[in-house]
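> Residue numbers (UniProt numbering), protein chains in the order written: chain X, 1 to 252; chain D, 1 to 252.
It should be emphasised that the hints constitute simulated quantities derived from the structure, not laboratory data. Keep in mind that the hints are not guaranteed to be accurate.
Put simply, identical chains are the same to the list, so a pair is met inside one copy or across any two.
To be verified - List time: in silico PhoX-like cross-link candidates among lysine-lysine, alpha-carbon distance up to 25 Å:
#1 K104 <-> K117
#2 K135 <-> K80
#3 K207 <-> K80
#4 K135 <-> K117
#5 K77 <-> K207
#6 K77 <-> K118
#7 K118 <-> K67
#8 K135 <-> K77
#9 K67 <-> K104
#10 K135 <-> K109
#11 K117 <-> K207
#12 K160 <-> K67
#13 K117 <-> K77
#14 K109 <-> K207
#15 K67 <-> K109
2 protein chains.
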Amino acid sequence: MSKPANSVLHTPLSRENATSLYEQIATRLLEEMEAGLYEPTGRLPSESGIGERFGVSRVTVRLALDKLVSEGAVVRKQGKGSYVAGRQVRHGLDTLRSFHESLKLQGLKATMRLLEKKVVTLPDDVRQRFAPAAKGLFVQRLHLVDGEPVALGDSYLPHKLHTFSWNEVERQPAYSLLADRMGEAPARADIAILAQRADQRLADTLKISEGDALLVMRRTSYFTSGACADHTHFYVRPERYEFVMSSTFRAS
Amino acid sequence: MSKPANSVLHTPLSRENATSLYEQIATRLLEEMEAGLYEPTGRLPSESGIGERFGVSRVTVRLALDKLVSEGAVVRKQGKGSYVAGRQVRHGLDTLRSFHESLKLQGLKATMRLLEKKVVTLPDDVRQRFAPAAKGLFVQRLHLVDGEPVALGDSYLPHKLHTFSWNEVERQPAYSLLADRMGEAPARADIAILAQRADQRLADTLKISEGDALLVMRRTSYFTSGACADHTHFYVRPERYEFVMSSTFRAS
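Pulled out of the complex, with its shape left as it was, chain X reads as follows:
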């Protein structure tokens, strides 16, 4: 029997085995999922990708995936492909928290990588928020889970924070930096959630393709005085990320 083209397997499938091919493939994928091979996004390769890798037809791949779905190990998402079940990141919005804190609260191994930190003249739309200040600290941080990028945060912060070291900004959540330097944490935030397609810069940074869907959170935080504490865009890889909240009726 010839080895399938493009095989990346350590052990080839057995075509003489009593176990059917699709069951062997299901077992192999399950082992890889358990070994964390598809973390943190949880996305499995496409059906055609799996078929090519194992040298089998798409029908066989579907049978394997159907088996994993029926066992609850894999979920299919409309228009998005197949995913390792049960690792959805649910970022709660009912309580104000730093993005980094929200990831850690999920029990995820969350880290940050500081990409940029510089004093800037605030762009017009940001300047009005921080008025009368004309300058601020711009910080760009990559949020990672298990070492893989899940979101990019572009933040404008009060100028006073510019004396923090590179290491401090890389490690401390924004609200912790603000509390340390300003003497109080933000009291509230206006939040907007939107979607856009990734441009080349975002695609490269987040390791996705240009044009992929991104979930975006725009957050402007305020101190109790009403002074602006931060203005941040978070560009989030959406595969298994969702923002959640409870909403109640109230007199308006």
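With chain X fixed as given, assemble chain D onto it according to the hints.
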């Protein structure tokens, strides 16, 4: 002078005019924006599309758009193109409202078109929410602004609502139908906001391209008793749509 290829202009640009080409183009685009030509998405054609239409270089198109941006008539959105300014739909989540009501609250001319209405055996993941009921009403409605689709809502509702007529379901917001038939409106909802790429069905229905980014709201509403009132996915065209809310710190 020859007419530019692919021109759809009623009046061609004047290349002998004292007014520069880019200013003429800016004026033309502004007139069209004011006439509502780019509503409801507000998206202007691409730079290359505008260039081709007017038979001018991309540099000239950029000058025209820069002029409109500096005048506040157009906004550029990273990775999304140029948009008519100031018609962002801001869907507030702080208070629970029907999707349709939220659009009307923005002062938009919002309508619904009923695409499907049928009694169904509830899918497994929905059935547990409506337990012990095994059947429910499935309703698919297109939400339009100025006659153009902005969102598709796929709703599961209590079986008791199946006696409403096609017309009633097409016209009444979900929470109004629920209040009429169940004797009370939902008291709270769990909401998740996510992003995904449009598959062929969603792309066709929403008049976008397969693979385009979609903003998705998944909502499960409950009556005060805790019984499930609706389970709905809203697939939203994201160009100018954002979900907004305020978040405050609280002891957790």
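> Indicate, hint by hint, whether the structure satisfies it.
Hints, verified against the model:
1. When the C-alpha separation of K104 and K117 is checked against a cutoff of 25 Å, the pair qualifies only within one copy, where the shortest distance is 23 Å, while the shortest distance between copies is 43 Å.
2. Taking the closest pair of Cα atoms, K135 and K80 never come within 25 Å of each other, the shortest separation being 42 Å inside a single copy and 28 Å across copies.
3. Proximity of K207 to K80 under the C-alpha cut-off of 25 Å is found in both arrangements, the shortest distances being 17 Å within a copy and 19 Å between copies.
4. Only within a single protomer do K135 and K117 lie at most 25 Å apart by alpha-carbon distance; the minimum there is 13 Å, versus 56 Å between protomers.
5. When the C-alpha separation of K77 and K207 is checked against a cutoff of 25 Å, the pair qualifies both within a copy, at 20 Å, and between copies, at 21 Å.
6. Taking the shortest Cα distances, K77 and K118 sit within 25 Å of each other only across copies (23 Å), while inside one copy they are farther apart (40 Å).
7. Proximity of K118 and K67 under a CA criterion of 25 Å is satisfied in neither setting, with 52 Å inside one chain copy and 30 Å between copies.
8. In this assembly of identical chains, K135 and K77 lie within 25 Å of each other by CA distance solely across copies; the values are 23 Å between and 44 Å within a copy.
9. Within a single copy, K67 and K104 get their C-alpha atoms no closer than 32 Å, and across copies no closer than 45 Å, so neither meets the 25 Å cut-off.
10. Taking CA atoms no more than 25 Å apart as the test, K135 paired with K109 passes in neither setting, with 34 Å inside one copy and 41 Å between copies.
11. Within a single copy, K117 and K207 get their C-alpha atoms as close as 21 Å, which meets the 25 Å cut-off; across copies the closest is 41 Å, which misses it.
12. With identical chains, the CA atoms of K160 and K67 are never at most 25 Å apart, being 57 Å at best within one copy and 35 Å at best between copies.
13. In this assembly of identical chains, the alpha carbons of K117 and K77 lie at most 25 Å apart only when taken from different copies (23 Å versus 37 Å within one copy).
14. Taking the shortest Cα distances, K109 and K207 sit within 25 Å of each other inside one copy (19 Å), while across copies they are farther apart (40 Å).
15. In this assembly of identical chains, K67 and K109 lie within 25 Å of each other by CA distance neither inside one copy nor across copies; the values are 30 Å within and 47 Å between.
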